[in-house]
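Use these hints to put chain E onto chain D, whose structure you have.
Order-wise, the sequence lines are chains D and E. Residue 658 in the working numbering sits at position 230 of the first sequence, with consecutive numbering throughout. Residue 442 in the working numbering sits at position 14 of the second sequence, with consecutive numbering throughout.
Treat the hints with care, as some may be off.
Pairs involving identical chains hold if they fit within one copy or between any two copies, as the list cannot separate such chains.
As the list claims (entries may be wrong) - Listed next, the in silico DSS-like pairs over lysine-lysine satisfying Cα-Cα at most 25 Å (straight line):
hint, residue 1, residue 2
1, K549, K752
2, K752, K468
3, K466, K718
4, K456, K718
5, K752, K718
6, K456, K549
7, K452, K718
8, K452, K651
9, K466, K452
It is worth saying that the hints were derived from the structure and are not from the lab. Remember, predicted model here, so these are calculated numbers, not experimental data.
Number of protein chains: 2
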Amino acid sequence: MQTITIGLLGLGTVGQGVVDLLQKQAAKILRTQDFAFKLKTVAVHNLSRHQNADLPAGTILTDRVMDVVDDPEIQIVIEAMGTIEAARVAICQAILNGKSIISANKDLLATDGDALLTLAKTVGVDFFYEASVAGGIPILRVLSSSLETDEITQVTGIINGTVNHVLTAMDRDGQDYAAALANAQELGYAEADPTNDVQGIDAAYKLIILSRFAFGQSLTMDKVPIQGISAVTPAQLASADRLGLKIKLLAVAKKENQQFYSFVGPAALPATEPLAHVNGVQNAIAVQSKALGETTYTGPGAGAGPTANSIISDLLATGDDIVKGNCGREFNRNRQSLPVRELTSVPQQYLITVAAPVERAVLAAFEWRRELAGPDYWSALTPVLTPAELAARLAALRQDGRRVSCLPVANSWHPAKEKSLRVLI
Amino acid sequence: MQTITIGLLGLGTVGQGVVDLLQKQAAKILRTQDFAFKLKTVAVHNLSRHQNADLPAGTILTDRVMDVVDDPEIQIVIEAMGTIEAARVAICQAILNGKSIISANKDLLATDGDALLTLAKTVGVDFFYEASVAGGIPILRVLSSSLETDEITQVTGIINGTVNHVLTAMDRDGQDYAAALANAQELGYAEADPTNDVQGIDAAYKLIILSRFAFGQSLTMDKVPIQGISAVTPAQLASADRLGLKIKLLAVAKKENQQFYSFVGPAALPATEPLAHVNGVQNAIAVQSKALGETTYTGPGAGAGPTANSIISDLLATGDDIVKGNCGREFNRNRQSLPVRELTSVPQQYLITVAAPVERAVLAAFEWRRELAGPDYWSALTPVLTPAELAARLAALRQDGRRVSCLPVANSWHPAKEKSLRVLI
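Only chain D is shown next, with the shape it has when bound in the complex (with noise of 0.2 Å):
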């Protein structure tokens, strides 16, 4: 039976978590696999911090990256440091060393993870980083092994559990979206600063992750158009309930005509799509591909447990590969580049709620479905309509100065249509 030697760098949620998993487990791993697994090294930024650290006999506490990254005896190094920077010279440095990779850093990866996943792949050794999106749900590996051969055309994600905590509230409580951020902050759902999570670009760097492996592509931020939550209004999430709709922060990738399209934002999805009814701190992904239909994917989005679990989940991988000789192969495969557009740019359906009662007058000029009006408000889901009818409807309704707001409804994207309506206009 093989020991492969593991350094790890940083000891905070997520590094303490795999250290407690794997003293937990190891048991079964020693019974399932062909190799035992010896943490020898730990990394910290400030060693007084973790002078009580709960660590498996033996294991050395350093506050020198260099001891794990520079370690001849280490074959794998675990990255939770959580920054881009230091983990960037980090693991460039390991890879050099020949070292295989396992990481939870999506910032990282979604920036610049081409360039050192290609270093790895150059130099022969593994990179793993299933716990970069959605934590808990092992939706890369499905992506890279189970769904490899089929051809998917879109991923929808609700994959911020701190925005979809917050919306849950709001929708549940009637709370507007400041009372619901700070309740969050209080449960701890929400960090001190939430702006990555409240303004969508934590869901646009795991859509940039999931995008990789689900169609190949390559994208980068400033490609993915992306709206955050801080808009929304209860009385949004009231009409939409009314309408049989679920408003939620929804990372899509759509593949359609040979062409890429992307999106984060707050979206409405009707109740029957199975994503309406993920509540809470829950992520979930569905995947829409030619030869299965519909597959979804719903667990835990963050948290100790769940990370350490895809982490170690990757320890496993990579020990295989060592055992028999195959590091180097690519987690991801697949590579795609298709011309890259914006979902917000294409026909589609939209929930339009304005506080305030409207005159037929005003109504009249136009097509609606599924209207709803009271005393202090009127709302609506429109036909499919490209960006100019719908700003021509906007328009109509914000005279007299009335608050109109606007969500796209999910899944009435219509790229298809584009052309023939661009010839009606």
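The following block gives chain E in isolation, referenced to the frame of chain D:
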């Protein structure tokens, strides 16, 4: 680039689906893998019925199984015959001839799986069968890779599409069982002889395979308490709806206190559970585990495309093992042997439906939860009851000839309460 030669047994819906998908995805396989596949020979039962089959140019069509299993050039045999006896003989012979096996034959794998899998391991060939459970959901590969290090405590499946279609139609349209089944047969969602589906036998086969992967537990059919859906009435579905529950045929395997529990049968699921929203022919599997909490996998349970995709994902895994000389690794390496119990024998809650009003005097002797009564029915949830406590209630309600039906409430199972409750009786 290595070419791997394949033989196919059977050219029904699944077999033809494999041939079609293999041709359609040939370019993607070439792009992402280090090998190509060549389908050399297809063996069918009745040659004349397949004279116009759509096969790649040069493929040999034969009615002699030995032309596949004894051909030294063929490295992988895909078994899509569907029968138990003939498939067992063919697979056995192919393994002895050193060929790797891919099968979707759940009946065979659930009944004779252990022997054949041991033979494959001894000879050193691969034997994969992702398509045998929940057609298009990659649940076996997820359990054997991403969840391999986690400790699974419960698996709950809606894994028979025919039955779920019938129950969904009964619930939606108020149809009785016979009418909904006849309708499903007309639509092609139920077979002419639906016995294995509606009696829960098919779901039990799949649960046996799932239990091996999730718990390492070997199980035989006689150890699984199996109930079908023929006794489920529209009145039960209506009373479940009124109490916020949905009735589904569930297949459940559960580990608690180092004992293994199983159950296949109709049960009432709270509408807050993700599985309650799985309708029609969809399948879903919820996995509860220590590190992850709950993850849910939803998708198509059958059909040519989904089944073929699972078979081809097995084909890629086998191809990879052949190229790298790694054949012989078991699909599932989890082994445990816990005492086996029936989940029907542990304390749990029940949904009781009486198709008539019940006098207060009868009800007053017992505690009920969420009681509902109408002019022609009475229904309620019980607290957690032992089988003996349940029997006492049913006997009281059945006095005066009332028709009383009873279903367990999913996830109300309390093996841990068993001991203390026993003391009370």
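Any hints from earlier that this structure breaks? Give me their numbers in increasing order, please.
-> 5 and 8
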